[in-house]
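Chains as they are written, first to last, in full-length UniProt numbering: chain G, 1 to 270; chain F, 1 to 259.
None of these hints come from the bench; they were simulated from the model. Given the structure is predicted, the values throughout are model-derived calculations rather than measurements. For every residue, glycine included, the Cβ atom is placed at its ideal position computed from N, Cα and C. Check before you lean on any hint, since a few could be wrong.
Just a few of them, taken from the derived set where beta-carbon distance is under 10 Å, the chain F residues facing chain G [unchecked claim]:
(1) 65
(2) 68
(3) 69
(4) 127
(5) 154
(6) 156
(7) 162
(8) 165
(9) 173
(10) 175
In silico negatives: residues of chain G with every beta carbon more than 12 Å from chain F [what the hints assert, rightly or not]:
(11) 44
(12) 69
(13) 96
(14) 147
(15) 157
(16) 179
(17) 181
(18) 225
(19) 249
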Amino acid sequence: MAAWGERLAGVRGVLLDISGVLYDGGEDGGTPIPGSVEAVARLKLSKLKVRFCTNDSQKSRRDLVGLLQRQGFDISEGEVTSPAPATSLILKERGLRPHLLIHDGVRSEFDQIDTSNPNCVVIADAGEGFSYQNMNEAFRVLMDLEKPVLISLGKGRYYKETSGLMLDVGAYMKALEYACGIEAEVVGKPSPEYFQLALKEMGVEAHEAIMIGDDIVGDIGGAQRCGMRALQVRTGKFRPSDEQHPEVKADGYVDNLAEAVNLLLQHAIK
Amino acid sequence: MAARRALKAVLVDLNGTLHIEDAAVPGAQEALKRLRGASVIVRFVTNTTKESKQDLLDRLKKLEFDISEDEIFTSLTAARNLVEQKQVRPMLLVDDRALPDFKGIQTSDPNAVVIGLAPEHFHYQILNQAFRLLLDGAPLIAIHKARYYKRKDGLALGPGPFVTALEYATDTKATVVGKPEKTFFLEALRGTGCEPEEAVMIGDDCRDDVGGAQNVGMLGILVKTGKYRAADEEKINPPPYLTCESFPHAVDHILQHLL
């Protein structure tokens, strides 16, 4: 592989995944990944632009930011691209009234949305809310629609919590797709529209931006397809087999965010 | 049609075709008697994974169907056969009532996942457990992959969506043992001495009953009872050999045209 200097040349903006890069979530709120609090602080002191780009759909943006601030992270709501607010905008634009299969923690993002007489289903990481009964309700709403619309906040396979790996919304999205014979619209990584939204909010072109994430397909593959570069961290849901992934090759693999930031500060800004 | 041989066997689906939960399809008992009056072998093949063979028999008897245990072939039987063949210890995501069909199978310290229709197990915690076993390399055996089924209160998710969820999350493929798998239909005919070309399948699921049977060379008859919804017959290509109102109509057609 080319030297780091070559691989990181011309980077002006950094998109940071949150879960598995900044912290590992868990029932107790989770714990920061060692070195990540300082790494974010150093990055923000540099000339690089920084934005956070998450697929977390279990918490409202405000709660997520509050949780990270309590863990010591320098982060504010305005710096975070997250799927629930993005979906809320889409629903308003298209006049869609959703049946919500979501976690209570994110419900406040949909406060302004009319949910009567639903004409689509929105599915997010509902956690314990993924009961048979709730899945069945969403299924029935879709089957009763002439043109079923399913919007999924991300399509991740799984993520890591302190207690172990957990099924993510993508698995349940696939379940509903299969049951109804439809294809969901994804709001979140790796959807190109979502990366483009984050880039626009950061004010950096794709070729000058780099994504740092723990998901080889959702973060790395998705960002690269948009013309960005991408580094995979060996934290969070990273598994050693990711480095031999048949389709996706990151522009670099680093042990954690701290190492990624060291490299960026050394090589990206000349 | 030139290659077809004389009809020797009729395979009949149970729930949705002969009965809908605890109610017989009108005229189905009479129709079955008429069918038995002809010289064909009748087998009852079902993806019903909630119930053991004994439960199925009890219900059919209560509904006054004349059926014996050795005429029934279920996807549970097929799954048990596979577990024994692979010599694995399954985590059984099946309805409690189906457990008698797995009597004697070792299930502690599981290294496989068997998934049937088990709404009470299809929730976050249990699915996470199954997911973690699969990531560690445990095989996934699906009793069937039906998308949904019909309950008294409406359509309800079958095991298929949850199997698909686990497949997607772990990037693996389940071994499916029930309808519409080819091996299921061939196993069901085993011991009858009939070839698929000598058999017809009657069911209410266009893909799983009719499509599956036609894929092994049987004729498929779709009935408009149970889970049938308008235009279902357009879901498969080639289309069903015949689509008719209900089981008694299917039997009439067989007696008049196929024998």
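Against the structure, the hints come out as follows:
no. : hint : in the structure
1   : 65   : 30 Å, violated
2   : 68   : 34 Å, violated
3   : 69   : 31 Å, violated
4   : 127  : 6 Å, holds
5   : 154  : 6 Å, holds
6   : 156  : 6 Å, holds
7   : 162  : 6 Å, holds
8   : 165  : 4 Å, holds
9   : 173  : 13 Å, violated
10  : 175  : 17 Å, violated
11  : 44   : 35 Å, holds
12  : 69   : 28 Å, holds
13  : 96   : 23 Å, holds
14  : 147  : 15 Å, holds
15  : 157  : 5 Å, violated
16  : 179  : 4 Å, violated
17  : 181  : 7 Å, violated
18  : 225  : 19 Å, holds
19  : 249  : 17 Å, holds
Checked against the numbered hints listed earlier, the structure breaks hints 1, 2, 3, 9, 10, 15, 16, 17; every other hint is satisfied.
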